[in-house]
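Asker: Residues per chain are reported as follows:
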Amino acid sequence: MALDFSFTDEHEELRATVRAFLTAKSDEAAVRAQMATERGYDPAVWTQLAEQIGLAGLIVPEEHGGAGMGYVELLVAMEEMGRALLCAPYLGTAVFAANALLDCADASAQKELLPEIAAGRAIVSVAHAEPGGRWDLAGIAMRARAKGDGFELDGTKAWVLDGHTADVLLVVARGDEGLGLYRVDAGAEGVTRTLVPTLDTTRKLAHVELAATPATRIGSGDQTANLERVLAKTVAALTAEQVGGAQRCLEMATDYAKTRLQFGRPIGSYQAIKHKCADMLVSVELAKSAAYAACFAAAEDDEELLEATALAKAYCSEAYFTAAADNIQIHGGMGFTWEHPAHLYLKRAKSTDLLFGDAAQHRERLADQVGI
Amino acid sequence: MSEYRTMSEEELRERTRALLDVVHPETTDSVRFRQVQYEHGLAWVHFPEGYGGLGLSPKMNVVVLDEIAKHSKVVHHDPPASIIGIGMGAPVVLTYGSEEMKKRMLPKIFSGEEIWCQMFSEPSAGSDVAGLSTRAVRDGDEWVVNGQKVWTTVAHLARWGMLLARTNPDVPKHDGLSYFVVDMHSPGVDVRPLYQITGEAEFNEVFFNDVRIPHDHLLGKEGQGWRVAITTLMNERVAIGGGGSKRKGGGASAQLLELWKGRERDALTPGQQAILRDRVTRCYMENELLRLTAQRARAAQKGGTPGPEGSVAKLAQAEINKHTWETGIDVLGARGLSFEAGYELRQGFGGIEGVEALAKYLFLRSRANSIEGGTSEIMRNILGERVLGLPGDPRVDKDIPWKDVPRS
Numbered sequence: 543m544a545l546d547f548s549f550t551d552e553h554e555e556l557r558a559t560v561r562a563f564l565t566a567k568s569d570e571a572a573v574r575a576q577m578a579t580e581r582g583y584d585p586a587v588w589t590q591l592a593e594q595i596g597l598a599g600l601i602v603p604e605e606h607g608g609a610g611m612g613y614v615e616l617l618v619a620m621e622e623m624g625r626a627l628l629c630a631p632y633l634g635t636a637v638f639a640a641n642a643l644l645d646c647a648d649a650s651a652q653k654e655l656l657p658e659i660a661a662g663r664a665i666v667s668v669a670h671a672e673p674g675g676r677w678d679l680a681g682i683a684m685r686a687r688a689k690g691d692g693f694e695l696d697g698t699k700a701w702v703l704d705g706h707t708a709d710v711l712l713v714v715a716r717g718d719e720g721l722g723l724y725r726v727d728a729g730a731e732g733v734t735r736t737l738v739p740t741l742d743t744t745r746k747l748a749h750v751e752l753a754a755t756p757a758t759r760i761g762s763g764d765q766t767a768n769l770e771r772v773l774a775k776t777v778a779a780l781t782a783e784q785v786g787g788a789q790r791c792l793e794m795a796t797d798y799a800k801t802r803l804q805f806g807r808p809i810g811s812y813q814a815i816k817h818k819c820a821d822m823l824v825s826v827e828l829a830k831s832a833a834y835a836a837c838f839a840a841a842e843d844d845e846e847l848l849e850a851t852a853l854a855k856a857y858c859s860e861a862y863f864t865a866a867a868d869n870i871q872i873h874g875g876m877g878f879t880w881e882h883p884a885h886l887y888l889k890r891a892k893s894t895d896l897l898f899g900d901a902a903q904h905r906e907r908l909a910d911q912v913g914i
Numbered sequence: 002m003s004e005y006r007t008m009s010e011e012e013l014r015e016r017t018r019a020l021l022d023v024v025h026p027e028t029t030d031s032v033r034f035r036q037v038q039y040e041h042g043l044a045w046v047h048f049p050e051g052y053g054g055l056g057l058s059p060k061m062n063v064v065v066l067d068e069i070a071k072h073s074k075v076v077h078h079d080p081p082a083s084i085i086g087i088g089m090g091a092p093v094v095l096t097y098g099s100e101e102m103k104k105r106m107l108p109k110i111f112s113g114e115e116i117w118c119q120m121f122s123e124p125s126a127g128s129d130v131a132g133l134s135t136r137a138v139r140d141g142d143e144w145v146v147n148g149q150k151v152w153t154t155v156a157h158l159a160r161w162g163m164l165l166a167r168t169n170p171d172v173p174k175h176d177g178l179s180y181f182v183v184d185m186h187s188p189g190v191d192v193r194p195l196y197q198i199t200g201e202a203e204f205n206e207v208f209f210n211d212v213r214i215p216h217d218h219l220l221g222k223e224g225q226g227w228r229v230a231i232t233t234l235m236n237e238r239v240a241i242g243g244g245g246s247k248r249k250g251g252g253a254s255a256q257l258l259e260l261w262k263g264r265e266r267d268a269l270t271p272g273q274q275a276i277l278r279d280r281v282t283r284c285y286m287e288n289e290l291l292r293l294t295a296q297r298a299r300a301a302q303k304g305g306t307p308g309p310e311g312s313v314a315k316l317a318q319a320e321i322n323k324h325t326w327e328t329g330i331d332v333l334g335a336r337g338l339s340f341e342a343g344y345e346l347r348q349g350f351g352g353i354e355g356v357e358a359l360a361k362y363l364f365l366r367s368r369a370n371s372i373e374g375g376t377s378e379i380m381r382n383i384l385g386e387r388v389l390g391l392p393g394d395p396r397v398d399k400d401i402p403w404k405d406v407p408r409s
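In the order they appear, the protein sequences are chains A and B.
For the first sequence, the working numbering assigns the number 543 to the initial residue and increments by one for each residue that follows.
For the second sequence, the working numbering assigns the number 2 to the initial residue and increments by one for each residue that follows.
Please keep in mind that the hints were generated in silico from the structure rather than gathered at the bench.
Some hints could be false.
To be verified - With a cut-off of at most 30 Å between alpha-carbon atoms, the simulated DSS-like pairs for lysine-lysine come out as follows:
hint	chain 1	residue 1	chain 2	residue 2
1	B	K323	A	K892
2	A	K800	B	K249
3	B	K74	B	K109
Unchecked claim - For the chain A half of the interface with chain B, some residues (derived, Cβ under 7 Å), not all of them:
hint	residue
4	D546
5	T796
6	A814
7	K816
8	H817
9	E827
10	L828
11	L853
12	R905
13	L908
The beta carbon of each residue, even a glycine, is placed where N, CA and C say it ideally should be.
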């Protein structure tokens, strides 16, 4: 992997722009307000995010109305969103669905849906996992049956990002040619969507039942290899979100350790606390290396993308959770309260660990790839 | 010191070729070649002219090596025993030594004719090295030294030693230290090998019994020893926190994978194999992240905005190397009960053949990684205080005379 990890001035400008936007639009009060709603995001903020700074279409090519940027820019944006715990359909629509359309869909589906995503007009969700809770493609059991000019789908999809608010669902199902991507409009016949009460209320998930639902196949042939890369790229972006959150936890913990006095001294002067912070720093820095390597591999569509992503997901999931958990511990009783934001990060950390397969599952994938 | 002369890379290459016209590594031994290399100012190009350098940026040193390698199958690299002299001795002599010392000592440090060692640590002063007890007492034009040093690399080969000693016990610890260059052949210097848990002696103990040092071998002023020492200590940490393998899946990862592939499948239950496989994978990940973090640190340095990624290497590497070889010996299973290399006490280290023997050896040797060059606990203090800005521990010994501080 010939990665050079170079961030340019433009990347730093993008970071500053996104941070300023999120500081204004996604402060703690805004996060708490949105997480308590059923929709889970503020449509006005979503529109501004799309229109003012072009984030919804960040990786969408310019010909489809996007910003035409790559995975290094996406990594910067995801880090900032993870840091701010932004409540928005970003991962599902702007990352997962956009990637699925770019890598698996035919030109007409791309032409129709990508501009809608880039403009912030449509929520598009990939319906991938099934109730068994497996995230690998071998776990997909849903069948697509030909019917008339199109297809018909039956069965249940689980843990669909923003599935309850999506305008369009891109359903992964098995047909005669192998795995494919099928478009289902939210209002189509036989679609039942149920919002799942989530551990992490800053990210909404739904179960989607399909009963003889009409669907359009977008793309042709067996899409297994393409979907594998779509999943990998989405996970790469998710690891950037994880390190953004982990870095924020480290800052919260150290800031508190500097000001909280017990026994007449700041608690950060005690090695028990100081060393916990230092260990957090080490694992957050290693996690950044992992997430950046995965995103740079995605940016270059590097052949080592799958390996880099498995490593990043395995490491960043644990690093984020540990940082969030230690942040609570360092905050003591305050950290256990509803009022303090530490729990929001703990819940986000665990949900990002479990989404798309947990750390152990990705270690196993890595082991398979490396030949361990 | 930051003002460097500029010279084009091509001119430096020309000068290197001019050196090769006079002496060629393929036909000249290391000492002779390096003597002439020094005379040409190509020893360490960032040193001033007349002292083995050309006053160029330290980044230019690689150009010289590269040009030599282009024209010669043999490259006379820094001799292993000279690493301390070159890395720590030469800079300190250049900065604090008298004109006579510089002329006398620098060429022989570079050529490898004279080995240097560094004597800071003591049995009662490890992490708290500034609390050391070895005494130097002024006697006319000389200093008389008594005490004991420990963990002294290459002391048994050394002609010169960098010695940190207490010259004033009545002031707080940092203020009472002075820095000397001591002739290791002086009467009263007794060097003994210090055998470690591998049976090897990489290090020595050095005893001083009324050793006399001429006053002009005091570097810096009396009482300024700590300031002089700090420079060398920083160099040591940079040298140790190298950042793992340069190649993906190389170094410790490759060795661990080789062990894993050679495991006794019949001796391990499926459950054991699954657990061990996960541990091996974790080690692979950690070693890979060391490599990537070093790469990230280099990129940030090049971009001019170095962040904390460069500071975590020493601590991370020490801990990861220990995990790696704890896992390695568990992969060996019952074979880990034997230790074919044996424990015959001997001076020197390494020379272990075969990955299995290496794994057993490194299982033991890696315990030192989190102790040498700053313990992991001290590194966590440094990261906590200097990188994260957390407040220091109250120092009970800071403002009182050294002689009143309790010590073990």
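Asker: All hints are to be evaluated individually against the structure, with a verdict given for each.
Answerer: These are the hints, each one checked on the structure:
no. : hint              : in the structure
1   : K323(B) x K892(A) : holds, 28 Å
2   : K800(A) x K249(B) : violated, 39 Å
3   : K74(B) x K109(B)  : holds, 24 Å
4   : D546              : holds, 6 Å
5   : T796              : holds, 5 Å
6   : A814              : violated, 11 Å
7   : K816              : holds, 4 Å
8   : H817              : holds, 4 Å
9   : E827              : holds, 5 Å
10  : L828              : holds, 4 Å
11  : L853              : holds, 5 Å
12  : R905              : holds, 5 Å
13  : L908              : holds, 6 Å
Hints 2, 6, counting from the list given before, are not met by this structure.
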